[in-house]
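One-letter residues, chain by chain:
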Amino acid sequence: MALPEHIHLEIATPEKQVFSGPVDEVTVPSTVGYLGILPGHAPLLGELGIGEISYKIGDHREYLFCSWGFVEVLPERVIILAQRAENASEIDIKRAEQARQRAQSRLTSKDPNTDFVRGQLAALRAISRLDVARRYQHRQLPR
Amino acid sequence: MPNLRDIRRRIRSAKNIQQITRAMKFVSAARLRRAQERVVAARPYARQMLSVLNSLATRVPEHAHPLLAQRGDQKIELVVITADKGLCGAYNTNILKEAIGFLAGHSDKSVELNILGKRARDFFRRRAFSVRHEAISVLSTLSFADAAAIAADIIQEFEKEKKDQVLLVYNEFKSVVQQRVVVEPLLPIQRLKDLGAADRIDYLYDEPPERIFNNLLPRHVETQIFRALLEAAAAEHGARMTAMDAATRNATEMIENLTLFANKVRQAGITRELIEIVSGASST
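Going line by line, the protein sequences match chains C and L. Residue numbers 1 to 143, in the numbering used here, belong to the letters of the first sequence in order. Residue numbers 1 to 284, in the numbering used here, belong to the letters of the second sequence in order.
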């Protein structure tokens with residue numbers, strides 16, 4: 001069986017459809033690690049954690065921030081149902097930076113009531129948002 | 001003899017009201033368009049979610065999850081979604097009528113209310129029904145986080161077996177002029193469609209399928225509530241737009257009639273004065 005040349009990628013959040021179109025490659029942050037998907041992948045269902053989704057069209061690679069969700073992979077189609085998915089251009093760097101500092105100060109505080117898991121997740125979200133946003137910024141700079 | 005000044009005053013106040021209703025109509029039209037876009041934008045997620053759930057349901061045993069448990073219908077929760085504001089025709093009345101009808105039809109069961117919207121809150125406050133949870137201004141600033149919070153509360157209530165069934169009453173958005181109140185079962189989640197063996201896909205899992213399934217079900221409930229809220233919001237704006245359009249037209253008609261009347265009164269006054277002058281002149 002000939003392999004399909006492209007994957008039809010759909011990224012949807014409860015609020016809106018973030019992306020829909022043919023791509024050459026997708027990487028998603030599954031709960032057990034990053035997962036790269038090329039056309040013709042075996043059917044797969046997985047859960048997504050916090051991290052970055054990236055997809056490639058030709059030589060062009062786009063990054064999105066993603067936090068929790070599910071992914072359904074079929075040989076010619078990938079559907080990402082994310083709780084949150086933000087394009088790199090949509091991310092507010094200042095706010096993410098503040099969130100990171102807040103989370104880290106909470107984690108390093110000696111307060112016994114600190115909810116560590118929550119703090120760690122918040123920090124992870126902020127750091128991951130920043131990563132995505134910075135990648136985007138770097139590309140905007142003149143070479 | 002009606003007073004001309006009184007009639008003029010009534011014309012002026014009708015014009016003022018007309019200006020307001022016309023403005024409200026345009027505001028509602030703009031909000032309706034936005035609300036409609038959100039309904040459409042939320043569709044892909046809900047559709048894909050359902051297709052993934054359906055394909056998973058075939059490989060996970062029934063009753064595997066507390067949200068699927070069929071326990072009968074002794075303890076029911078009714079989620080009533082209305083607007084916060086009035087001035088939208090029979091929109092709120094229809095929903096409340098439907099809710100009261102439901103309560104009357106299930107008076108032998110224990111029904112508790114979960115109220116979303118100021119109109120329903122004010123309505124049920126004066127009546128003897130047990131209200132478990134109420135929230136206002138949900139529809140005006142609607143986010144998925146709100147829906148998720150409402151869902152979490154309902155899911156908890158259901159999982160503790162305090163409720164056997166949860167139903168939604170809201171106004172479905174069919175089109176701008178079409179209003180339809182629906183009573184929709186939310187929990188337990190309806191038995192999912194069993195796809196034929198031909199449509200079944202053998203997935204790889206990087207997690208046990210049960211785990212994915214169990215994480216998906218609460219999301220599904222959240223999505224259902226979010227969708228209902230979005231539709232209710234769109235329907236509210238649609239209803240208000242139609243109501244305000246009718247009000248504007250009624251005002252136009254009223255102004256026309258009053259103007260005609262005012263002119264007649266004015267003419268009658270002039271005629272009377274003329275007669276007085278003429279009869280006065282001829283008598284001398």
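No wet-lab data here; the hints were simulated from the structure. Be aware that a few hints might be false.
Here chain C is said to cover these stretches of chain L; the calculated rule only asks that three of the stretch's residues, wherever they fall, bring their Cβ under 8 Å from a Cβ of chain C [to be verified]:
| id | segment |
| --- | --- |
| 1 | 34 to 42 |
| 2 | 205 to 211 |
| 3 | 220 to 230 |
In this text, a Cβ means the ideal position worked out from N, Cα and C, and glycines have one as well.
Structure-based check of each hint:
{"no.": "1", "hint": "34 to 42", "verdict": "holds (count 3)"}
{"no.": "2", "hint": "205 to 211", "verdict": "holds (count 5)"}
{"no.": "3", "hint": "220 to 230", "verdict": "holds (count 3)"}
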